[in-house]
Amino acid sequence: MARRPDSPEDERALIDALRRRDEAAFAELVRRYAGPMLRLAQMYARSAAVAEEVVQEAWLGAVQGLERFEARASFKTWLFRILVNRARTRAEREARTSPFSALGMDDQPGADEPAVPRERFRPASDPVAPFHWGAPPRSWGGSPEEELLSKETMGVVARAIAALPPAQRKVVTLRDVEGWTAEEVCNVLEISDTNQRVLLHRGRSSVRMALERHLDPN
Amino acid sequence: MDQDRPLTCKALVELVTDYIEGALPPADVARFETHLAGCPHCRVYLDQMRLCIQALGRVPGEPLPPEAIKALLAHFRDWTRG
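Sequences listed follow chains V and Y, in order. Mapping the first sequence onto the numbering used here, position 136 (from 1) lands on 136, and the numbers just tick up by one. Mapping the second sequence onto the numbering used here, position 80 (from 1) lands on 80, and the numbers just tick up by one.
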């Protein structure tokens, strides 16, 4: 029976080959993970060059530390934890030498921003329906899927992600763009499940608002 | 959450992610769905959040630039030589 190319069995075979220093196995793992690694590293790094260096350091760490990797664990989670550790160390080092530093706030859920601006709801004093919709969302048209998947809309979504605070951007990117599970995200970013959901909620809500402004400008 | 009072729309939009993620306790799921059954606006909102997640899933990921891949493979040879 043919194996699915990205199945766990297949990955175990790749890791075994990597332990034997097999270059083809390394190239295949790079093909699978280096793109998402670079995207995540960019959320910590100041420049694309630094992000690429961090990715390189993480692969070096993984190749050299492979004997410490336990075969039953998830290679992806293990690899990305190495990446995040390198990226953090690097960012901290740079923050010490830079007067412009926004570190420290980074993995906090952020201000208690509502998912939808307050003014779109009726006020508490409303005699009929306090805190119900005043300016409700309107359905996004007859063929939402088609328009949603247009290049233009994808651009809106990509810009909305880029505008998110870093901690929200990381969670939304890993969960919704890369398709990771909540557990994987919590393990790699070392955040609690609750924190993960708060960040996901804030991030998705902002992206929804950006989509609404684009698809229903009135 | 106050168990006795019905949900407002303003409260519902803050629970949407927990609802979609399956993280709401059963009693809150019931309140959420009761509100939804009677509120077309919140149904549109939930639908938009789902469309939003779908759209996020379609954002193309860029692969590592070919030069960077080449550099990694060259490093790999260095790392494994010693």
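Just so you know, the hints here were simulated from the structure itself, not pulled from any lab data. Watch out, some of these pointers could steer you wrong.
Anything over 12 Å on all C-beta distances counts as not near chain V; from chain Y, calculated [stated by the list, open to error]:
| id | residue |
| --- | --- |
| 1 | Glu21 |
| 2 | Pro26 |
| 3 | Val29 |
| 4 | Ala30 |
| 5 | Thr34 |
| 6 | Ala37 |
| 7 | Pro60 |
Beta-carbon label-pair distances, calculated as ranges [as the list claims (entries may be wrong)]:
| id | chain 1 | residue 1 | chain 2 | residue 2 | range |
| --- | --- | --- | --- | --- | --- |
| 8 | V | Thr97 | Y | Asp47 | 45 to 51 Å |
| 9 | V | Asp10 | Y | Gly61 | 44 to 50 Å |
| 10 | Y | Ala37 | V | Ala162 | 21 to 27 Å |
| 11 | Y | Asp47 | V | Glu94 | 30 to 36 Å |
| 12 | Y | Glu14 | V | Arg31 | 39 to 45 Å |
| 13 | V | Thr97 | Y | Arg58 | 37 to 43 Å |
| 14 | V | Glu152 | Y | Ala74 | 26 to 32 Å |
| 15 | V | Arg68 | Y | Gly61 | 25 to 31 Å |
| 16 | Y | Gly22 | V | Asp112 | 20 to 26 Å |
| 17 | V | Ser125 | Y | His41 | 18 to 24 Å |
Taking beta-carbon pairs under 10 Å as the criterion, some of the chain V residues facing chain Y (in silico) [unchecked claim]:
| id | residue |
| --- | --- |
| 18 | Val63 |
| 19 | Met154 |
| 20 | Thr173 |
| 21 | Val207 |
Beta carbons: idealized from backbone N, C-alpha and C, even for Gly.
Hints, verified against the model:
A beta-carbon of chain V is positioned within 12 Å of the beta-carbon of glutamate 21/Y; the least distance is around 6 Å. Consistency note on proline 26/Y: stated as away from chain V, and its beta-carbon is indeed over 12 Å from all of that chain's, at 17 Å minimum. Every CB of chain V is more than 12 Å from the CB of valine 29/Y (nearest about 15 Å), matching its label as outside the interface. Alanine 30/Y, annotated as away from the interface, keeps every beta carbon of chain V farther than 12 Å; the closest lies near 19 Å.
No beta-carbon of chain V comes within 12 Å of the beta-carbon of threonine 34/Y; the shortest separation is about 14 Å. With a least CB separation of 15 Å from chain V, alanine 37/Y remains clear of the 12 Å interface cut-off, as annotated. Annotated as non-interface, proline 60/Y brings its C-beta within 12 Å of a C-beta of chain V; the closest such distance is 7 Å. Judged by the Cβ atoms, the range 45 to 51 Å given for threonine 97/V and aspartate 47/Y holds: they are separated by roughly 48 Å.
Against the hinted window of 44 to 50 Å, the Cβ-Cβ separation of aspartate 10/V and glycine 61/Y comes to about 20 Å, which falls outside the hint. Taken as a hint, the range 21 to 27 Å is violated for the pair alanine 37/Y and alanine 162/V, whose Cβ atoms sit roughly 37 Å apart. Take aspartate 47/Y and glutamate 94/V: their Cβ atoms lie about 43 Å apart, and the range 30 to 36 Å is violated. For glutamate 14/Y paired with arginine 31/V, a C-beta distance near 40 Å keeps the hint of 39 to 45 Å intact.
Distance hint check for threonine 97/V and arginine 58/Y: the Cβ-Cβ separation is about 40 Å, which falls inside the suggested range of 37 to 43 Å. The beta-carbon spacing between glutamate 152/V and alanine 74/Y, approximately 39 Å, falls outside the hinted interval of 26 to 32 Å. With their beta carbons about 29 Å apart, arginine 68/V and glycine 61/Y fall inside the hinted range of 25 to 31 Å. Distance hint check for glycine 22/Y and aspartate 112/V: the Cβ-Cβ separation is about 24 Å, which falls inside the suggested range of 20 to 26 Å.
In this structure the hint that serine 125/V and histidine 41/Y lie 18 to 24 Å apart at CB holds, the actual value being about 20 Å. At a threshold of 10 Å, the smallest CB-CB gap from valine 63/V to chain Y is about 5 Å, leaving the interface hint in force. Interface restraint check for methionine 154/V: the shortest CB-CB distance to chain Y comes to about 6 Å, inside 10 Å, so the restraint holds. A least Cβ separation of about 9 Å between threonine 173/V and chain Y falls short of the 10 Å threshold, and the interface hint therefore holds.
Nearest Cβ of chain Y to the Cβ of valine 207/V: about 5 Å, under the 10 Å cut. The hint holds.
Violated hints for the displayed structure, listed by number in ascending order: 1, 7, 9, 10, 11, 14.
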